[in-house]
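On the provided structure of chain A, position chains B and C as indicated by the hints.
Chains as they are written, first to last, in my numbering: chain A, 1 to 412; chain B, 1 to 413; chain C, 1 to 370.
Keep in mind the hints are simulated off the structure, nothing from the lab. Hints are supplied without guarantee of correctness; some may be wrong.
Covered by chain B, per the in silico footprint, the following chain A stretches (three or more residues, Cβ under 8 Å) [what the hints assert, rightly or not]:
no., segment
1, 99-111
2, 120-127
3, 149-157
4, 329-338
Here are the in silico distance ranges between beta carbons for each label pair [as the list claims (entries may be wrong)]:
no., chain 1, residue 1, chain 2, residue 2, range
5, A, Glu148, B, Ala227, 27 to 37 Å
6, C, Thr175, B, Arg153, 33 to 43 Å
7, A, Asp219, B, Arg23, 36 to 46 Å
8, A, Thr70, B, Pro308, 20 to 30 Å
9, B, Pro152, C, Lys312, 49 to 59 Å
10, B, Lys31, A, Ala125, 58 to 68 Å
Keeping only pairs whose Cα atoms sit at most 25 Å apart, straight-line, the calculated DSS-like set for lysine-lysine is [unchecked claim]:
no., chain 1, residue 1, chain 2, residue 2
11, C, Lys95, B, Lys124
12, C, Lys95, C, Lys78
13, C, Lys78, C, Lys299
14, A, Lys220, A, Lys381
15, C, Lys132, C, Lys269
16, C, Lys177, C, Lys228
17, C, Lys177, C, Lys269
18, B, Lys124, C, Lys181
19, B, Lys97, B, Lys31
20, C, Lys73, C, Lys228
21, C, Lys205, B, Lys147
22, C, Lys227, C, Lys269
23, B, Lys327, A, Lys161
24, C, Lys177, C, Lys221
25, C, Lys95, B, Lys97
26, B, Lys147, A, Lys128
27, B, Lys31, A, Lys182
28, B, Lys403, A, Lys158
29, B, Lys403, A, Lys182
30, C, Lys78, C, Lys65
31, C, Lys132, B, Lys124
32, C, Lys181, C, Lys221
33, C, Lys263, C, Lys325
Just so you know, even glycine gets a beta-carbon here, dropped at the ideal spot from N, CA and C.
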Amino acid sequence: MKPFNFRIDSKAELGSYKKVRHVEARANETFRRSSKVSAYREGVGLKRMSTSGSAFVNFIDVQKSYDGETLVVKDLNLPIRRGEFLTLLGPSGSGKTTTLMMLAGFEVPTHGRIELDGREINNVAPHKRNIGMVFQNYALFPHMTVEENLAFPLAVRKLSKADIDRKIENALAMVQLSQMRKRRPAQLSGGQQQRVALARALVFDPKLVLMDEPLGALDKQLREHMQLEIKHIHQSLGVTVVYVTHDQGEALTMSDRVAVFNDGAIQQLASPADLYEHPQNSFVAQFIGENNRLSGIVTELNGSHCRVKVGDAGEIRALPVGISNVGAKTTLSLRPERVRINPGDGACANQFEARVEELIYLGDHTRARVQVLGHANFVIKVPNSEGVPDLEPGSTIRIGWRAEDCRALDAF
Amino acid sequence: MAIADRAPLLTIDGVSLRARLARAERSRKLKALGLILPLFLFVLITFLIPLGRMGYKSVVNEETFGRLDHTNQALSEWDGQSVPDEAAFAALAADLKAAQEQRQAGEIAKRINYEYAGAISKFKSITRTVSKMETGPYKEVFLEADKVWGDPRLWRTIRNASGHYTSYYWLSSIDLRHGAEGLESVPPDQAVFVDVYGRTFWIAGVVTVLTLILGFPVAYLLATQPAHRANLLMIFVMLPFWTSLLVRTTAWFVLLRSEGPLNDLAEMIVNQRFEMIFTRFGTIVAMTHIQLPFTLLPIYSVMKNIPPSHVRAARSLGAGPFHAFWKVYFPQTVPGIAAGCLLTFILCLGYYITPALVGGPRDQMVSYYVAYYMNNIINFGQAAALGAILLIITMVLYWAYNKLVGIDKMKLG
Amino acid sequence: MDASDGAPSGLLKNMEVRVKQLLSLTVSALAVAAVFSVVDVPKAVAADQLTIVSWGGAYQESQRKAYYEPYMKETGVKIVEEEYDGELGKLKAMKEAGNVTWDVMDVDSGHALAGCDEGLLEELDYSKIGDKSKFLPGTALDCAVGTIAYSTIFAYNADVYKENPPTTLMDLFDTTKYPGKRGLLKKPFGNLEWALIADGVPAEKVYDVLSTPEGVDQAFKKLDTIKKDIVWWEAGAQPPELLANGEVVMTSAWNGRIGNAIKEGKNFKIVWDYQEFDWDYWVIPAGTKNVDLAYDFIKFASDPKQMSQQSKYIAYAPTHVDAIKLVDPAIAPTLPTYPDNMKTAITTDLVFWADNNEELTKRFNAWLAQ
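So that you can see chain A by itself, here it is in the shape it has in the complex:
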């Protein structure tokens, strides 16, 4: 992947602006406290987000090795746009956290350049980068009150007492913790601590905020709530956020774009919808969402279509994505919700007999595990709506899917 080269483009800027207005309006409906966020934004004098054409943050040919033998980050090129919410998603050890730490300045790239706002920052000390950061375990200073924690970055910047006080007030109002000024972190719940950490990372108006799995320690409900809150704050303030997580649901919920990491390299950089609908390789397909995998050999390759032989049972028509020639091994990727039961003749290019093995009722839908083409773990999601036939374990049904929904990717 080559670095993107954006030019300043007034149209693009306008488009982004409109988009922001739109999501903000939606957020206003969703969140009661949006007025507080707006007030905060006005209070700290933040300008509405303006996107320049060039990358705000840019990783150029970055490599990182700790031991001189193995690369933790391999040839990373990653442009991050001004004002976007970019998530680095990947399993542990994939290099996403190292990438974040290099951006924060706690790790030095072994090779390559990191640019922030057009300036190389490889040798800029962390405290001179003006980047806000939220840590996995919040890293609130336990010997300071909430207020003192928030005052810390402001005092370092030698702001006046009155300014400090005002900024703290605004930041705490934004995260709804105005009552907690005098508390110590240990006296707060996990969610409250998380909000204080967020407020502290934002209180000094950084243009870039990094978040290192900030919600990992929260329970599921609180986590989902915080996801929305963070997203909302991002949209309102217009800061650029680089977010690290291994939770794909979180990544899809919050991000403008997601960089999927594996094995020290970006596997795919795309919007959540794109990642889900159009995974570029079988790792991404597997990592994002649920996925039926069928291994086979390409028997026919023809522009936008191909045929893949799966075992002895049959041939599948699929969309070629990561294959180059006939005879190559491939992994077919098919989302469970794209499988239809009793498709009409001609509706689907692929139609097979399947035996229902197991049914799991999940409220809004039912998961059916079926045996098809010799694969016992083929999953189908059946929406819980009218007009869907009842299934019985052990019964044989007919299923089918479109060739466009079945992506022939690299062999896994």
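Chains B and C alone, transformed into the frame defined by chain A:
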């Protein structure tokens, strides 16, 4: 509870819920008590009771109480300024005769001699004289034998020593004594102990500060190194900790000697030998070495629990490396510093072997004098009072420390 | 233990001495703890076992050869040796705890008198020991029977002073003529007397002067002149080691200890000028369960033939008149009792020290701390 305005809650079978709960709790409490009982008895027998007896010995007239009853009674009306009357002399003679038969006259003389130097020989000879006499009058015999018997100070000493309790040992431990007009300082050439206490606390304080200065960076290094390297370093720190105190002290004795390796090195480099053994310098060096792990380990274990992300957070918030360390990291180590320093300080107060081996006469601490009075002077009361005062000062310091730092904030790990 | 091979072993020995001394103090601290505690640590004592406490080092070795080993051989009694530095406090602690585990002790004259007065020592029945009149005057006491005559002398390293060596007590106090560190016993006892004599007080007037505050001041003032050059010793085995390893160039010492070091090949010389002549005694601690066996041992050790043996192993003189005659004339010049050595000898006044030890010790400690 009798006038409680609410009816007590009852269990299903009608018993008071409170009583039921108390019974259920009681067996649990008894079990808990059973678990701590052995330790409690151990502490009681080996620590509290001896401490109590030490306190008792420091205030009781063990050598004289009950042996000078007649004299005590006869002197009850005495004005304390003049020579007592015949009755007092007769009573003392009677007491001494009785004591001589029990072989206790020597102990009485020794006790009086603590406060009135020269009493031993006077008592011995007068005891011999009166033992041969059937009846008085005694006053002339006493005065004729030695003119000290006409000294009211001697009689005051006898009166004070014949009671059950005495403040002599305690006063003496802080260089005070009962004079003709109440409390007074002992003459400067007899004033030892205030200086000894001052020295003890000074040495303990200096050693504490030194261990902190030397230990803190090492603890920081240990806490921030990767595990495999930290473990190796830790072994270097712990090695002396696992070695016996005596071995380490004698090692310092060898190192610091005027013909020792350190001085050989000094001679090679600066062509001069330094006086290190039998000095305050040597004492403090050896004690600092021995105490280092005690200060270091609590600090280390506290540091180990400070997430690295705190300093990183401070850096990301705009603080330079020193600012981040000083404002964010250091304050979090304070509980460890408090624990380590308190531990070292209190342990230092009791040092005995190390100053005795590598220190000079001016570097001996309170415990040395406790042992000295115990062993060589055989004045247990003085030893007990010295020990008791050290204990009390230590406890007062601990209390003050608690007020200042807060013991609940202290962390041993 | 062979100390003939120079400094390294000397060093180790000196260390060992101090360590032992401290260990014994530690043990006594435990004994102290025992006094204040109510528990007795039960100790099984075999009937045919005798615990004898003495001053360690070369002296105890001479006793081992002259008395302990022959006695064990003759009677089959097992002798358990312990060492101390005159800490009678341990004995008092044992007595208070009701568990005296020492059966026979070797004490100096001060302790022999004080221990008797304070009831720490058994009053001796001389019919169980021997003819009281056969002991030298002043050595057959109520609670103690003399075993040796020893003296406190000073000795110097003859390697350091090859020409014009020190010969008089004044030289010990003359740091201009004889620069270097001096070892002295860390007690006022004996040192104050020497200080006065060195300051010109006639020997027979020493205690008169010392009985006055001015006299004490004078003594300390004299000590002041060499104070910064003094290394203080506390155990009898220390002085020869301090000399051997070069910590001091001259030191006060008990003459036998230096005598043995010389026998082992050390180039030390004794200055007998104003030697402080004194006795050591056998005593039986009050409260020991082995009184009869203790008497039996003391009788054995006080037998002239046996007593005359000890001088072979250390340069101390016997106290029994018949034993004196049996001593090898060849070693007589090394003994404190040899007429040439006795010319200026002084004896310490035990009554004076009984009266004034407490106060002068305090003064001494205050002076040390200045």
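To see whether the hints hold, each was checked on the structure:
Taking a C-beta to C-beta cut-off of 8 Å, the segment 99-111 of chain A contributes 3 residues in contact with chain B, enough for the three needed, and the coverage statement holds. Counting residues of the segment 120-127 of chain A whose beta carbon lies closer than 8 Å to any beta carbon of chain B gives 3, which meets the minimum of three for the stated coverage. Look at the segment 149-157 of chain A against chain B: 4 of its residues bring a Cβ nearer than 8 Å to a Cβ of that chain, three or more, so the hint holds. Taking a C-beta to C-beta cut-off of 8 Å, the segment 329-338 of chain A contributes 0 residues in contact with chain B, too few for the three needed, and the coverage statement is violated.
For Glu148 (chain A) paired with Ala227 (chain B), a C-beta distance near 33 Å keeps the hint of 27 to 37 Å intact. For Thr175 (chain C) paired with Arg153 (chain B), a C-beta distance near 41 Å keeps the hint of 33 to 43 Å intact. Taken as a hint, the range 36 to 46 Å holds for the pair Asp219 (chain A) and Arg23 (chain B), whose Cβ atoms sit roughly 40 Å apart. As the Cβ distance of Thr70 (chain A) to Pro308 (chain B) is approximately 23 Å, the hint placing it in 20 to 30 Å holds.
Pro152 (chain B) and Lys312 (chain C) have their C-beta atoms about 58 Å apart, which keeps the hinted 49 to 59 Å range intact. Take Lys31 (chain B) and Ala125 (chain A): their Cβ atoms lie about 59 Å apart, and the range 58 to 68 Å holds. A C-alpha spacing of about 23 Å is found between Lys95 (chain C) and Lys124 (chain B), which places the hinted pair at or below 25 Å, so the restraint holds. Note on Lys95 (chain C) and Lys78 (chain C): the hinted pairing holds, with a Cα-Cα distance of about 23 Å set against a maximum of 25 Å.
Between the alpha carbons of Lys78 (chain C) and Lys299 (chain C) the distance comes to roughly 17 Å, so the proposed pair stays at or under 25 Å and holds. At most 25 Å may separate the alpha-carbon atoms for a hinted pair to count; Lys220 (chain A) and Lys381 (chain A) meet this at roughly 23 Å. Between Lys132 (chain C) and Lys269 (chain C) the CA atoms are separated by roughly 36 Å; this puts the pair beyond 25 Å, and the hint is violated. Of the supplied pair hints, the one linking Lys177 (chain C) and Lys228 (chain C) holds, its CA atoms being roughly 16 Å apart against a limit of 25 Å.
For the proposed pair Lys177 (chain C) and Lys269 (chain C), the alpha carbon gap of about 17 Å is at most 25 Å, so the pair holds. With a C-alpha separation of about 41 Å, the suggested pairing of Lys124 (chain B) with Lys181 (chain C) is violated against the 25 Å cut-off. A C-alpha spacing of about 59 Å is found between Lys97 (chain B) and Lys31 (chain B), which places the hinted pair above 25 Å, so the restraint is violated. Simply put, Lys73 (chain C) and Lys228 (chain C) have alpha-carbon atoms about 50 Å apart, too far for the 25 Å limit, and the pair is violated.
For the hint linking Lys205 (chain C) to Lys147 (chain B), the alpha-carbon distance of about 22 Å falls within 25 Å, and the restraint holds. The suggested pairing of Lys227 (chain C) with Lys269 (chain C) holds, with an alpha-carbon distance near 23 Å, which does not exceed 25 Å. In summary, the hint linking Lys327 (chain B) to Lys161 (chain A) is supported, as the alpha carbons are separated by about 18 Å, within the 25 Å threshold. Straight-line distance between C-alpha atoms of Lys177 (chain C) and Lys221 (chain C) comes to about 19 Å, which keeps the hinted pair within the 25 Å bound.
A distance of roughly 24 Å separates the Cα atoms of Lys95 (chain C) and Lys97 (chain B); the hinted pair therefore holds under the 25 Å criterion. At roughly 90 Å between alpha-carbon atoms, Lys147 (chain B) and Lys128 (chain A) are farther apart than 25 Å, so this suggested pair is violated. Pair hint Lys31 (chain B) plus Lys182 (chain A) does not hold up; C-alpha atoms about 43 Å apart against a cutoff of 25 Å. Of the supplied pair hints, the one linking Lys403 (chain B) and Lys158 (chain A) is violated, its CA atoms being roughly 34 Å apart against a limit of 25 Å.
Between the alpha carbons of Lys403 (chain B) and Lys182 (chain A) the distance comes to roughly 23 Å, so the proposed pair stays at or under 25 Å and holds. Our distance criterion of 25 Å between C-alpha atoms is met by Lys78 (chain C) and Lys65 (chain C), whose separation comes to about 14 Å. Under the criterion of a C-alpha separation no larger than 25 Å, the hint pairing Lys132 (chain C) with Lys124 (chain B) is consistent with the structure, at around 23 Å. At roughly 18 Å between alpha-carbon atoms, Lys181 (chain C) and Lys221 (chain C) fall within 25 Å of each other, so this suggested pair holds.
Between the alpha carbons of Lys263 (chain C) and Lys325 (chain C) the distance comes to roughly 23 Å, so the proposed pair stays at or under 25 Å and holds.
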